[in-house]
Structures are given as C-alpha cells and as structure tokens.
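**Q** Let's have the full structure, built from the sequences with the hints guiding it.
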Amino acid sequence: MKTLNEEKVIKNSNRKAMIDKIVGFLFLFVCIISASIIIFTIFFIIYEGINPFVNQYTLDDGTIGNQNFWGFLTGLSYGESNYGSLFLVINTLYVTLLSAIISIPVSILTSIFITRIAPKIIGEVFKTGIEILASVPSVIYGLFGMGVICPLIRDLAYGIGIQTSGGLSVISGAIVLAMMSIPTITLVSITSIQSVSKSFIEGSLALGATNSETNFKVVLKGATSGIISGIILGIGRALGEATAVSLVIGNAFSGPTFNIFGISSTLTSIMMLGIGEATGLSYDIRFSLGIMLMLIIVIINLILNYVKNKITNPFKKENKVLAYVKDGVIYLKAYFNKNKNNDNEENKNETKDENK
Amino acid sequence: MKLKMKISNPFKFDDGMSRKRRFKDIFRNASTLIFSLLTLVTLIYIIVYIFANGSSTLSWQFITSDYQEVSTSLYSRSDLNFDDRTFDFNEDGGEISEKWGVQLVDGENNLGEHVVYFLEVADNSYFNELVIGSNTATETYNNYDGQYISNLSLRVDEQIITLSSRDSASDIVNYLDQSNEIMFMEICTVGGGIRGSLLTTIYLILITLIIAIPLGVCAAIYLALYAKKNKFTMILRSLIDMTSAIPSIIFGFIGALVFIPFMNAVSGSNGGSILSGALTLTIMLISTIVKTTEESIIALPKGYMDSSLALGASRTETVFKIILPNALPGIITSIILSIGRIIGESAALVFAIGVSIQDNISLTGSSTSLAVHIWSLLKLENPNYDAACAISIIILCIVLVLCLLTKIISYRFNKKFKRS
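One line per chain: the protein sequences are A and B, in this order. Going by the numbering used here, the first residue of the first sequence is number 1, and it counts up by one from there. Going by the numbering used here, the first residue of the second sequence is number 1001, and it counts up by one from there.
These are computed hints drawn from the structure, not numbers from a lab. There's no promise every hint is true.
List of simulated lysine-lysine pairs, DSSO-like, C-alpha gap at most 30 Å [as the list claims (entries may be wrong)]:
(1) B/Lys1321 x A/Lys21
(2) A/Lys198 x A/Lys217
(3) A/Lys198 x A/Lys120
(4) B/Lys1229 x A/Lys310
(5) B/Lys1229 x A/Lys21
(6) A/Lys120 x B/Lys1321
(7) B/Lys1099 x B/Lys1228
(8) B/Lys1099 x A/Lys217
(9) B/Lys1321 x B/Lys1407
(10) A/Lys127 x B/Lys1407
(11) A/Lys127 x A/Lys198
(12) A/Lys198 x B/Lys1321
(13) B/Lys1229 x B/Lys1416
(14) B/Lys1379 x B/Lys1321
(15) B/Lys1407 x A/Lys198
(16) B/Lys1228 x B/Lys1416
(17) A/Lys198 x B/Lys1302
(18) B/Lys1228 x A/Lys16
(19) B/Lys1416 x A/Lys198
(20) A/Lys120 x B/Lys1228
(21) B/Lys1321 x A/Lys11
(22) B/Lys1020 x A/Lys16
(23) B/Lys1228 x B/Lys1302
(24) B/Lys1321 x B/Lys1416
(25) A/Lys21 x B/Lys1231
(26) A/Lys8 x B/Lys1321
(27) B/Lys1024 x A/Lys127
Covered stretches of chain A, as calculated for chain B (at least 3 residues, CB under 8 Å) [what the hints assert, rightly or not]:
(28) 16 to 30
(29) 199 to 212
(30) 233 to 247
(31) 262 to 273
Cβ coordinates follow ideal geometry from the N, Cα and C atoms, glycine included.
**A** As structure tokens, then:
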C-alpha cells in the first residue's frame, strides 16, 4: 500500500492550486479578449470612419479634397462630388418599416397557430420548417428575391400600369427582408408564448372566453415582452442585412424614395456597391456609413426597449409590491423604479392584470 | 400592446353576441392558419425554385471543375495524309466523323451555353496527330477528355470555314468530313465550376473552428464556472451579448481594416486571403459559441462539479475531465451552428476575402467562398441563375443536414439531463 507522505501531499496540492490559478487566469484572459471584440470593433470603425472628413484624398477630377461633414449628414445624393447619407438613412428606415409591417403580424399569427391552435405534430412540422427558414443563408434569400419576387413585382406593377426597372424596387427589398426576419421573430415568440403560465389560460377559459379570445387577449398579452424582444432581433437582422438587399433594391444614387415601386438604396446596399474596384474616398466613406448604420441600430434598439418597458411594466413610475400564489407558495414581487425585472416576472404581472 | 381585431359583420343580421363572437373566432383562427401556411409555402417555394433551376446544372463535373477555362490551340500538319484506316468507338450517341475518327456530342457548359464536347477520340484518330500551335516544336496533343471546341477553322475546297462552339455537333462533323486540313482549332476545358470556392469554404470552416472553438469554450467555462457574481462579470457578459447584435458587414469592415493589413504584414499576402477571412469569421462567431457552450454547461447538474471537488480533484481536473465531456453536446451544437453561419456568410467575406473567384487555392491567396460565389454570379451583367441555384442546392443540403443534427443532439442532451 502506498503511504501518504504529508510533505508530498502538501507539495502536490500546492502545485494543483497553482495550476488552478493559472488556468483560471487563462480562462479570464480569454473571456476578456472575447468581450473586448466589440470595443475593438467600434473603435476601429469610428477611427476609420472619421478619416474621410479629416484626410485629404485625390478626387476623380484630379483635385485634392475631403468629404464635407455637413454634406455627408444632410446629403440627398451619393456621388463623386458629395457622398450624402441622409437619404440612405431615410431609405433604410423606410424599407425596414415596410418589412416590419409585413413580418410582425405574420410571425405573431404563425407563432399562435403553432403553439396554441395546431395539433402537436402539425405544430412540430411548422416549427421545423421555420427553423430551416431561419438557417437559410441570406444570399439564397437574395437569389430567391431576384429570381421570383422581382419578376412577380414587375408583373404586378405592370398590371396596374406602373413601369418598374425589372422589379427591382423598395417593395421587393421589403418582402425579402420580411422573409428573413419572420423566422427570427416567430421562433422567439413561440418560446415566449410557451412560457405563459397555464393557469392564466385556464382561468380565462373558465371565465367564459372562447379559445381564440384567450389566445389573442390573454396569451398574447402575457407574451408581449418576449414578442417585442423577437421584433427587436428581427428588425436588427433586417437593418444589418446587406447581400440580399443589395441584389433586389436597385441601387439608386439619390433619394429618398417613398414610391414602393421605385428603385432605392439602403446604407448596406451602398456599402456593397462596386466593391473590389473602389479605392480612396469612395472606399473609405463606407466606414462612415458603417458608423451611421451602428448608430441607427443602437437608436432603434433603445426606442424599442423603451416601448417594451412602457408596455410590459406599467408600474414603472411608482413603487409597487405585488403578491401572488403559485404552486402553494406565496411570492412577493416588488417593482421599483430602477429595478430591472426579468421577462418572466413582467409576464406574470401583466397577465395577472389582464385576468382580473 | 392592445391587439383589437374589430371587424363589423358585413351581413348585419345581428341576433345577439354569440354569432358575432363565433364569426370573430373563425376569423381569428383562420387568419393564424393562413399566415402560418404562408410561411411554410414560402419555404417550400424557395426549395422548389432552387431545385428546379439548379438541378440541371448541378453535376459532379460542376463541383470538380475549375472556374477559369484553359484553352489550347491546335492545327494539323501540312504533311498529314489520310490513309484508309478505320476507327473503333466504344461510346455511342454522338456524331461520328469517320474521316478524322472523332465522336462529338452537343452539350452545355456550366454557364448554360451550348457547346460541342469531344465524346470520344479513337486511339488511332488523326486528332492525335494534331500539333500544339502555340510553340514551334511539333508536339502532338492527345488529351481531349472533357474538353470542348471553342473555335475551329477548316479548309474546305480552298475555302476557309470558321466554326464555333455555338454550331451543332452534326454541322461540325459534316464540315470535318469534307475538309482535309484543320487550320486552327481551339479547345477548352470546361469552366464555371466551383472547385476553388468549395475548397476555400472548407478551409475557412476548418481554420475558423480551430481558432474560435478553444477561445469560445474557454470564455464560456470562465463565465459559467469561475466568474463571481459582480459588476465586472456582468459587463463581460453584456459585452459578449452585444457582439452578436453587430451586423456581419461591420465585421467585414474589421476584416478589411485590421486583418487584411495584418496578414499582409505577417505572411506577405496581397489583399484578402483565406486567413484574413477566417480571423474575421472568428471574431464574428465567438459570441455565439460562448453563449451555446455556457448554456450547456449551466444545464449540467450542479452535483457534478461539487462531487468531483469533494472527491479531491482540483478545479482544473474537474473542468477538463468532468464538465467538458458532459458539455460536449453543447460544444458540438455550437460547432454545427458555426459551420452553418460560415457557409452562409457573405457580407463579411465580401470585404474580408474579396470577390475574385480563383482555382488555385492557397491560404494566403485571394479566393472566395460559395456564398460570395453566388453573390458574384448574381452581380454579373447577365445574372447566372442556374449556376447560382446549383450552388444554393449544395448550401441548402448542408444547412438542412446541420439543422437536423442540432435537433437530434439537443433532443438527446435534454433527455439525459432533463430537470423537473
């Protein structure tokens, strides 16, 4: 039998503790690297995005100059003399809004059907289909948009007497973006609808509401915060999408375009334009557009989060304590001004309100 | 959000609430059914469209052939004499030129254009006595496999007939039989294939995973097991969360701004390379890998860690011998998700690798992935839908398989560690 030498054991455990410490620091180090990616990204984009306004470039007509900052912010055309971005921002928001108008109702109704109405097997089939849609690469959506949706829009517009440039239009872009954001929104909505407590549904049914009234008035309200999270994700995907949009939107150089059958261009589609040939100012200005894109995404996220808090947490303005019973245990929930409640609590709170 | 779907009864026979409510009920249920069917139909339509257009182009030759065409110029020597030899052909179905001993067949190249292929060149054919025109040495040429005729000039009765690949095989054979001299013939290997892009995609997947998986898993272990609940951890976590919200085109910019100059300095490459693309994809995917792995580690029963520590194992031993093997399904899921994203990623790679389609792949040379290949095909003056659809079939099939794999793995993982 091996005897334990006290010194050896201490030495060994010391060594092990040392290794533990080193490995722990290694993990921490890697984690900090992973977390610093975003800081690194934002820093470089801003650093390079400022260049076009500061550095001197040789322009196409031989003169040396730089991009006027004010002209960039308020410009309504994108060309050699002035790279304006205002119309691109407006176009991007407009196309995203149109796509949201299509995608939000479709995905909410689809998620209700899958979770609450369809038999379990059919629901599974639909859910698998949507998971597949979510993993289809964006360039395939672009291909589908060019091959199917653009001709469809062209014929449709021709039918009502409008000439389009081969179907490349705002509405084609909006449809393609909607197709891409529907799976995202639907999958998140399904999860949040499934997490609505069963007792609220049963309570609603017991009070005499029909199945569909329960679905639309109780379940949807309970899942609101999750659905809005899904919408935030979906809109984020639509805003940042580049390849598919650049193939179907038509790439106009001035705007803004509000005619849904007219050609347009978004921030991302302009960034993809002429890549491989562009040099100098026309290349560097893309990074400035990148700053605009990130700003828009942050602002829209903030707005939607504000809306979400307004809707799902009506007690935000005042401090309130709620008590409820679940599975025989009494829960106390306090809502304070600065308290960040997690989604589940908000759901319960909201649905309870509805039920009485 | 108040979702009021009020619609007035168009028939106006209002005999109480029940009828109105029933009508609303039917309307609500029908609308959910219609919209979910619409979603499913979209998926089916995408798949049908892509398979219908791409299946004719997709072939083994399409996958394995180069994108660039390699052409060779040939001509017949003036002292070429025709004797009365006969030719044996093993294949049939093509147009046979009894005089020259070749069998030609109509076909399509990978761009969908009509071309005339060599189906078979007999062993003793006069075509094996043609010489390569580009050099003065009289070197004969005898490798006609899989090549097609792009240009052909024949002397027929003191007249020069010029034929191209657009002419049919029977026409070409007809003129060949009348002529005694091939003044100039250009033959081409079939171009438009995707071998280079396919190889690039595979390299990208391998290199990205080799870099990203260790980093992501280490970060996930730290967050799940080591991190204390304090402000610093919260900041780390939310920074990693935020990374996944950045659009991929921004990561493409980082590839163009940081990784391409970096790789140019380190490896002497010129412009975008597979390595710069892989680094870009790495920073893009780390957040996904961290999240998936962390979830699977947290889902493990807490007793695993505690009992291992109680038995005297050190923390490091516990992590590598207990936690990681049990969290393997989560890591595999994150690998699969990453593969799916690498295959489908186009916006970032357009900037980080470039759009030039290449055949000779090297880690430091420029080339392009399948998704960007599709994008460049669609950006041409005449978009090549068939080839794009054919590549899409490959991508879709891989994505479908990966999707199924994740489902199976997560099902088995949940079954093993299902908590009440």
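**Q** Taking the hints in turn, state whether each one holds.
**A** Comparing the hints with the structure gives:
no.: 1; hint: B/Lys1321 x A/Lys21; verdict: 17 Å, holds
no.: 2; hint: A/Lys198 x A/Lys217; verdict: 14 Å, holds
no.: 3; hint: A/Lys198 x A/Lys120; verdict: 17 Å, holds
no.: 4; hint: B/Lys1229 x A/Lys310; verdict: 29 Å, holds
no.: 5; hint: B/Lys1229 x A/Lys21; verdict: 18 Å, holds
no.: 6; hint: A/Lys120 x B/Lys1321; verdict: 39 Å, violated
no.: 7; hint: B/Lys1099 x B/Lys1228; verdict: 86 Å, violated
no.: 8; hint: B/Lys1099 x A/Lys217; verdict: 84 Å, violated
no.: 9; hint: B/Lys1321 x B/Lys1407; verdict: 26 Å, holds
no.: 10; hint: A/Lys127 x B/Lys1407; verdict: 12 Å, holds
no.: 11; hint: A/Lys127 x A/Lys198; verdict: 21 Å, holds
no.: 12; hint: A/Lys198 x B/Lys1321; verdict: 41 Å, violated
no.: 13; hint: B/Lys1229 x B/Lys1416; verdict: 28 Å, holds
no.: 14; hint: B/Lys1379 x B/Lys1321; verdict: 51 Å, violated
no.: 15; hint: B/Lys1407 x A/Lys198; verdict: 26 Å, holds
no.: 16; hint: B/Lys1228 x B/Lys1416; verdict: 28 Å, holds
no.: 17; hint: A/Lys198 x B/Lys1302; verdict: 28 Å, holds
no.: 18; hint: B/Lys1228 x A/Lys16; verdict: 21 Å, holds
no.: 19; hint: B/Lys1416 x A/Lys198; verdict: 26 Å, holds
no.: 20; hint: A/Lys120 x B/Lys1228; verdict: 41 Å, violated
no.: 21; hint: B/Lys1321 x A/Lys11; verdict: 22 Å, holds
no.: 22; hint: B/Lys1020 x A/Lys16; verdict: 75 Å, violated
no.: 23; hint: B/Lys1228 x B/Lys1302; verdict: 16 Å, holds
no.: 24; hint: B/Lys1321 x B/Lys1416; verdict: 18 Å, holds
no.: 25; hint: A/Lys21 x B/Lys1231; verdict: 21 Å, holds
no.: 26; hint: A/Lys8 x B/Lys1321; verdict: 23 Å, holds
no.: 27; hint: B/Lys1024 x A/Lys127; verdict: 26 Å, holds
no.: 28; hint: 16 to 30; verdict: holds (count 10)
no.: 29; hint: 199 to 212; verdict: holds (count 3)
no.: 30; hint: 233 to 247; verdict: holds (count 7)
no.: 31; hint: 262 to 273; verdict: holds (count 3)
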